[in-house]
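Chain order of the listed sequences is A and B.
Quick note on the working numbering: the first sequence kicks off at 16 and runs consecutively.
Quick note on the working numbering: the second sequence kicks off at 16 and runs consecutively.
Hints were generated in silico from the structure; no laboratory data involved.
Hints are supplied without guarantee of correctness; some may be wrong.
The list cannot tell twin chains apart, which means a pair is met if one copy fits it or any two copies do.
Unchecked claim - When the alpha-carbon atoms are kept at most 20 Å apart in a straight line, the in silico SDA-like pairs for lysine to any residue are as follows:
hint : residue 1 : residue 2
1    : K132      : V44
2    : K132      : F143
3    : K132      : T147
4    : K27       : Q145
5    : K132      : R34
6    : K74       : D144
7    : K74       : H138
8    : K132      : G99
9    : K74       : G93
10   : K132      : Q145
11   : K27       : R168
12   : K27       : R122
13   : K74       : Y155
14   : K27       : G133
15   : K74       : H149
16   : K74       : A87
17   : K74       : G99
18   : K132      : D144
19   : K74       : A45
20   : K74       : V48
21   : K27       : F170
22   : K132      : V154
23   : K74       : F143
24   : K132      : I62
25   : K74       : H150
26   : K74       : D37
Protein chains: 2
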Amino acid sequence: MGMGRIGARETKEPTLMDRALDQARAAAVAGEVPVGAVLVEAATGRILALTRNRIEELKDPTAHAEILAIRAGSAALGSPRLAGCDLYVTLEPCPMCAAAIAFARLRRVYYGAGDPKGGAVDHGVRLFDQPTCHHRPEVYGGIGETEAAGLLREFFRARR
Amino acid sequence: MGMGRIGARETKEPTLMDRALDQARAAAVAGEVPVGAVLVEAATGRILALTRNRIEELKDPTAHAEILAIRAGSAALGSPRLAGCDLYVTLEPCPMCAAAIAFARLRRVYYGAGDPKGGAVDHGVRLFDQPTCHHRPEVYGGIGETEAAGLLREFFRARR
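Next up, chain A with everything else stripped away, as it sits in the complex (with noise of 0.2 Å):
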């Protein structure tokens, strides 16, 4: 990050992909792929859900961020379907995560670093686009790409 940013950091309130980054970064520091997620309700800007993978932590092969951040959402709106809610991720979702978000209903869905080989939504099986696909939300791609990406190319040159 270069010093010309300081100031405008300092000035500028985080917004909703800088606190899904400051999640991933979590998740580096907890050993886990950085990847994070900020679940908010887009009526209200109410944030339901702050999440981070959790995998190896929760010994849970399902604790995507994505996922974690549905199952808060859903729990605190008392329902599965989470139709006015807007998904913030600083990776492309895999096939799980996004036939989860259209499970959710959720409206929209940015994210950060696009995921060639393990993405589902613009890569690999483009979920949201099948015919057998019952809700697509409007997604936006490349939200914080650099520093996404950045978290995960750091974590992954660590580990080798």
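Given the coordinates of chain A, assemble chain B onto it according to the supplied hints.
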């Protein structure tokens, strides 16, 4: 179920798919789409999880029988990887569950009814056949299919 089967049912040990079908019936009684699952440790035959769809009950869109079985199995074995385990499930897994099965490295998947609309194993995105899929379990479809499909048909007919 015909009268002719009563004798057989009295003397025969229930199979693992029979137990998954019992879970599916319990789901229907609870107003959930009737899908049930059993996770078993292959080497010992130890049943790690008996689960059913609990989406409405838990207010959780990810609470499919397979996801709950994998989470329970991971908790029982203290690991997010279940390489020596087999899953019996009454319906062909969806993309969310198929991806979770791959992440969990399950050895085998036995499923009942095929699901042309929602399945992701032998229909739809055929997730395990994707080049980006890191683990493909052995898959055996059509086990207990008639009964599994009948339960689903009956459930949706009653709700119309």
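Report task. Measure nothing new, just compare the shortest in-copy and cross-copy C-alpha distances for K74 and H149 to 20 Å and report within, between, both or neither. Result -> between (31 Å within a copy, 19 Å between copies)
Query raised in the report: For K74 vs H138, is the C-alpha pair at or below 20 Å within one copy, between two copies, both, or neither?
Result: Neither way: K74 and H138 sit 27 Å apart in one copy and 30 Å across, limit 20 Å.
Query - Identical-chain pair category, K132 with F143, by Cα at 20 Å - result: both (17 Å within a copy, 14 Å between copies)
Query raised in the report: Between K74 and V48, at a C-alpha cutoff of 20 Å, which is it: within one copy, between copies, both, or neither?
Result: within (14 Å within a copy, 28 Å between copies)
Query - 20 Å Cα threshold - placement of A87 relative to K74 - result: Answer is both: 18 Å inside a copy and 10 Å across each meet the 20 Å cutoff.
Query raised in the report: What label fits K132 with V154 when the C-alpha limit is 20 Å: within, between, both, or neither?
Result: within (19 Å within a copy, 23 Å between copies)
Query raised in the report: What label fits K74 with G99 when the C-alpha limit is 20 Å: within, between, both, or neither?
Result: Close across copies (16 Å), not inside one copy (31 Å); limit 20 Å.
Query raised in the report: Checking K132 and R34: alpha-carbon separation at most 20 Å within a copy, between copies, both or neither?
Result: Answer is neither: 25 Å inside a copy and 37 Å across each miss the 20 Å cutoff.
Report task. Up to 20 Å between alpha-carbons, please classify K132 paired with D144: within, between, both or neither. Result -> both (18 Å within a copy, 14 Å between copies)
Query raised in the report: What label fits K74 with A45 when the C-alpha limit is 20 Å: within, between, both, or neither?
Result: within (13 Å within a copy, 29 Å between copies)
Query raised in the report: How would you classify K74 and Y155 at a CA-CA limit of 20 Å: within, between, both, or neither?
Result: neither (31 Å within a copy, 27 Å between copies)
Requested in this report: State whether the alpha carbon distance between K27 and F170 is at most 20 Å within one copy, between copies, both, or neither.
Outcome: Neither: 27 Å inside a chain and 53 Å across chains, both beyond 20 Å.
In the structure shown, a violation is registered for the earlier hints numbered 1, 4, 5, 6, 7, 8, 11, 12, 13, 14, 21, 23, 24, 26, in ascending order.
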